[in-house]
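Peer 1: Now that you have both chains on their own, put them together as the hints suggest.
Here is what each chain is made of, one letter per residue.
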Amino acid sequence: MTLANWARYGLAATLATAAGGMLIYRRQPRINHDAAPARSARHRRRFGDYRVTGAAVTVRATPQQILACWRNNAALWPVLEFLPFPEGHQDDLLLPPSGLRDMASRPLLTRIVTEREDELVAWRSEGEGHADMHGRLRFRDNGDKGTAVEVIVAVRPHHFASAWKTEAMMAEALELGLLRDLRRMKMLIETGEIATARLRPDAV
Amino acid sequence: MGRIVAVGKESTLEVGQRVVVPFTIFCGQCFHCSEQRYSNCDNSCPVEDQEVAEKAFGHPMAGMFGYSHLTGGYAGGQAEYVRIPYSDVVPLVVPEDIPDDRLLFLSDILPTGWMAALNADIAPGDTIAVWGCGPVGLFTILSAFQQKAGRVIAIDGVKGRLAMAEQLGAEPVNYHETDILDALIQMTGGVGPDAVIDAVGKEAHGFSVDTIADRVKQTVGLGQDRAHALRQAIMACRKGGRVSVPGVYGGKADLFPLGAMMQKGLQLRTGQTHVRRFTGELLDLIERDVIDPSFLISHRLPLDEAATGYRNFRDHQDEWIKVVMHP
Ligand SMILES: [Zn+2]
Chain Y
1 MTLANWARYG LAATLATAAG GMLIYRRQPR INHDAAPARS ARHRRRFGDY RVTGAAVTVR
61 ATPQQILACW RNNAALWPVL EFLPFPEGHQ DDLLLPPSGL RDMASRPLLT RIVTEREDEL
121 VAWRSEGEGH ADMHGRLRFR DNGDKGTAVE VIVAVRPHHF ASAWKTEAMM AEALELGLLR
181 DLRRMKMLIE TGEIATARLR PDAV
Chain F
1 MGRIVAVGKE STLEVGQRVV VPFTIFCGQC FHCSEQRYSN CDNSCPVEDQ EVAEKAFGHP
61 MAGMFGYSHL TGGYAGGQAE YVRIPYSDVV PLVVPEDIPD DRLLFLSDIL PTGWMAALNA
121 DIAPGDTIAV WGCGPVGLFT ILSAFQQKAG RVIAIDGVKG RLAMAEQLGA EPVNYHETDI
181 LDALIQMTGG VGPDAVIDAV GKEAHGFSVD TIADRVKQTV GLGQDRAHAL RQAIMACRKG
241 GRVSVPGVYG GKADLFPLGA MMQKGLQLRT GQTHVRRFTG ELLDLIERDV IDPSFLISHR
301 LPLDEAATGY RNFRDHQDEW IKVVMHP
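Protein sequences, first through last, are from chains Y and F. 1 is the number of the first residue of the first sequence in full-length UniProt numbering; add one for each residue after it. 1 is the number of the first residue of the second sequence in full-length UniProt numbering; add one for each residue after it.
Here chain F stands alone, though its shape is the one from the complex (with noise of 0.2 Å):
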């Protein structure tokens, strides 16, 4: 986020706007984004970048920013000026008397949690397990709850953060403790959670049959993706429920519980986030205090120091959550 210096010829912005830019770059006018499915924008991704995507996925992605020439080579935001291409579309105008920290996380990982939560087709009352407590996790957590969820059942192997999210809400589990399984079985009755979601992503860890053969092919250069949390969460899932997977998945995962899958009659949704779709909403509901999504800043570093901050953020998993860096 920040403020606007300067502006081309066609923008709508002004000099002086405060902003917060969503990662996912949209052109605003292609048939996807006409469906508020931003993160499937047509245009935002160059032409020359397309085609790695078009091949590993089928069809090309859109323009993100940070994210590889997958979607466009676009440099990332986490520096002291950045170029917002669709001015007029892509950037949430925030208002002047509400604190960074608390607007900051409009740009990504808050409408992440948000879309995972709505992807869930959470009913009221609903158990809703997620699997990972980080960032994106715990803003999933919060949103469950928002979205009327009657319990969330929280998995993690690190004490801190599955401490936020008992804070939350959340019941917690911990899988260095506990068969996850077993434990979801026995937590509702023996019917499992109507919604899974995975807040994980293709780098689980763990000491499973499955952990250590997608870590042997990742190493081999066989395989891309450790898919651990998802095969758990498909398996875990109750009969007719909802899968969401806002975990980021790159590549092919074998040993997929597909049978479980077709035989449960399970419902599958994923996908990036259509940023831009939700921080109105989100907005609204920071703007009357509904949600204060700072309670997740462990730590505040300045830009020059922010390979400390991402070193951090994997080795001690425990008490970095999330840094913010100051240019």
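Bound-form chain Y, shown alone (with noise of 0.2 Å):
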């Protein structure tokens, strides 16, 4: 090999390496979480051990109709995913929908924690579950569209190998799943069904 072939090998192996380098260096994640709206900042499913995912729909309904259908409509109850759900009881116990059902192999039971009118619901785990969860509903005046609904859910699995298939899985099928629950939930107010392209004909 020639001089000159050195030359450009080592030039080319030195861009090369510069160039990984500085994607390596991009990659790192320099992001002020408060910077970026709700959860929309880039690599914001960790803060500390909990994984935090969320969905958002905006219905036309006030937040009392929407946390009357939340609490009292039983034709929501069994099509819910992932999000807790009070089905009528007085005493702030929440119970697991399917979803989590599924996952945990234990029932996760979670309690309303904090309840302001208008504006949010924040539930909590309890007991030794298999995971560690808080949640959120929150409401927004959303002008002429209705009320913005967001569901925020951070969980911190306890044993996840054994509790849940992966956290990355999990977290990936929570925010499916809280968007399916908010997308049922906005259906049910809005025009009291659900909707389905199922023939009917026991309908009549």
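Fair warning: there could be bad hints in the mix.
Claimed, not checked - Here are the simulated SDA-like cross-link-like pairs (lysine to any residue), alpha carbons at most 25 Å apart as the crow flies:
1. 145/Y with 37/F
2. 239/F with 257/F
3. 145/Y with 89/F
4. 9/F with 75/Y
5. 252/F with 52/F
6. 159/F with 312/F
7. 145/Y with 118/Y
8. 9/F with 196/Y
9. 239/F with 190/F
10. 202/F with 222/F
11. 202/F with 318/F
12. 252/F with 220/F
13. 55/F with 52/Y
14. 9/F with 60/Y
15. 145/Y with 31/F
16. 55/F with 194/Y
Since the hints were made in silico from the structure, they are not lab data. Predicted model only: the values in this text are computed from it and were never measured.
Peer 2: In structure tokens form, the structure reads like this:
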């Protein structure tokens, strides 16, 4: 190999190393989470030991009507995947929906810990379940579009290898499921039914 | 269209009523429905079907009859019986004394042509160019004249369809025989059409460089849309003009003349048809004999022969303009 070739390969290797280094350097999360609205910060999914996920929809209803549906509408509870629900109970205990029942081998019970009228309901898990979970529903006026409803759930798995398939899969399923839950609740509040394409001869 | 044979508990319809059912399904209650953007309804697409469209388009679509799982997987309306969701708001109850043939197209293509013309924002006397003289294109031409267009120039490659456009009062231009951009410039005294309407959509034909590139990409799975008609329409449109797109697109198109859009200051409007917003107005025009949409019907078949109808519609476009099927 000639000297010129050595120089050429050397230069290429140096450039490749520099480019790789730049990439790695740029991939470091250097983001101030407070600078991004809600859950839109990059690399946001971890806060300490917790995985944080959430979803939002806007419903043409007041916060009271939305809470009343969540608390009292029995048509909602069977279709919920990840949003815990009170099932009409007055003692603040929330029941785990189908998705949480499938994921954890023991029922994940949560209890309402904070309630601010028209603004917020927050809950957290209790007892020795397989995970430590905090969640909240938050309401915000969205002008003539209605009320923006945001759900945020933070989970810290206790023994995630056994209790959850993998943390990442859990977070993804949770985010999708929470969005579906909110959308079904929106349908029920706005139209009194949950859309389906199935033919229903029994509807007569 | 058809007759109500059974109703759900909360339906406001009655058994025996004669109805036309729009292809767009909507709830009538959400924010978009409250502004009559029915094809943007939040609630009519089942939740589990919303995610595909959301990935592809950024937001989910409304439910539609016979339009794949992107729009909820509802079965199509070419059937003996159809379940109509949200039956208190979706169907249009129609008078008994008007024949089926004149009412049927209120369900889809007549409002689509009407909305295409509205989206072109026609001022009295304007010159409008319409790409595609299929059923939607022909109804677009009819609608443009109703909305006071001065001239409509109709572009297609099928002689029988161009002849129908001419009967509606349009000036036909055959792309097999003409350089379209050159023709439009000459026909408008160097100005270009005030508004252009792409009633072709993602399946444009032709032998231009961009169409061949689109076809190659479609074949190898790199692209979905053949957007030749839209590209040409944007190039042809006069400065400061309007671009209306009733033609269906589903993916991404490159070689898109974004520079022409921006530098000429064009406005673009498109969307699935908000059918029910226009049916009252159109029914009134039909009742008063101002328009008769049945001119479009070229063939009638029993429902059993639907496959034959579709095959001929594809292979013999000159004669098979619109097939009506009777169950
Ligand atoms: Zn709606």
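Peer 1: Does each hint fit the structure? Answer for all of them.
Peer 2: Each hint, compared with the structure:
{"no.": "1", "hint": "145/Y with 37/F", "result": "holds, 14 Å"}
{"no.": "2", "hint": "239/F with 257/F", "result": "holds, 14 Å"}
{"no.": "3", "hint": "145/Y with 89/F", "result": "holds, 20 Å"}
{"no.": "4", "hint": "9/F with 75/Y", "result": "holds, 16 Å"}
{"no.": "5", "hint": "252/F with 52/F", "result": "holds, 15 Å"}
{"no.": "6", "hint": "159/F with 312/F", "result": "holds, 16 Å"}
{"no.": "7", "hint": "145/Y with 118/Y", "result": "holds, 16 Å"}
{"no.": "8", "hint": "9/F with 196/Y", "result": "holds, 17 Å"}
{"no.": "9", "hint": "239/F with 190/F", "result": "holds, 11 Å"}
{"no.": "10", "hint": "202/F with 222/F", "result": "holds, 14 Å"}
{"no.": "11", "hint": "202/F with 318/F", "result": "holds, 20 Å"}
{"no.": "12", "hint": "252/F with 220/F", "result": "holds, 15 Å"}
{"no.": "13", "hint": "55/F with 52/Y", "result": "holds, 21 Å"}
{"no.": "14", "hint": "9/F with 60/Y", "result": "holds, 24 Å"}
{"no.": "15", "hint": "145/Y with 31/F", "result": "holds, 6 Å"}
{"no.": "16", "hint": "55/F with 194/Y", "result": "holds, 22 Å"}
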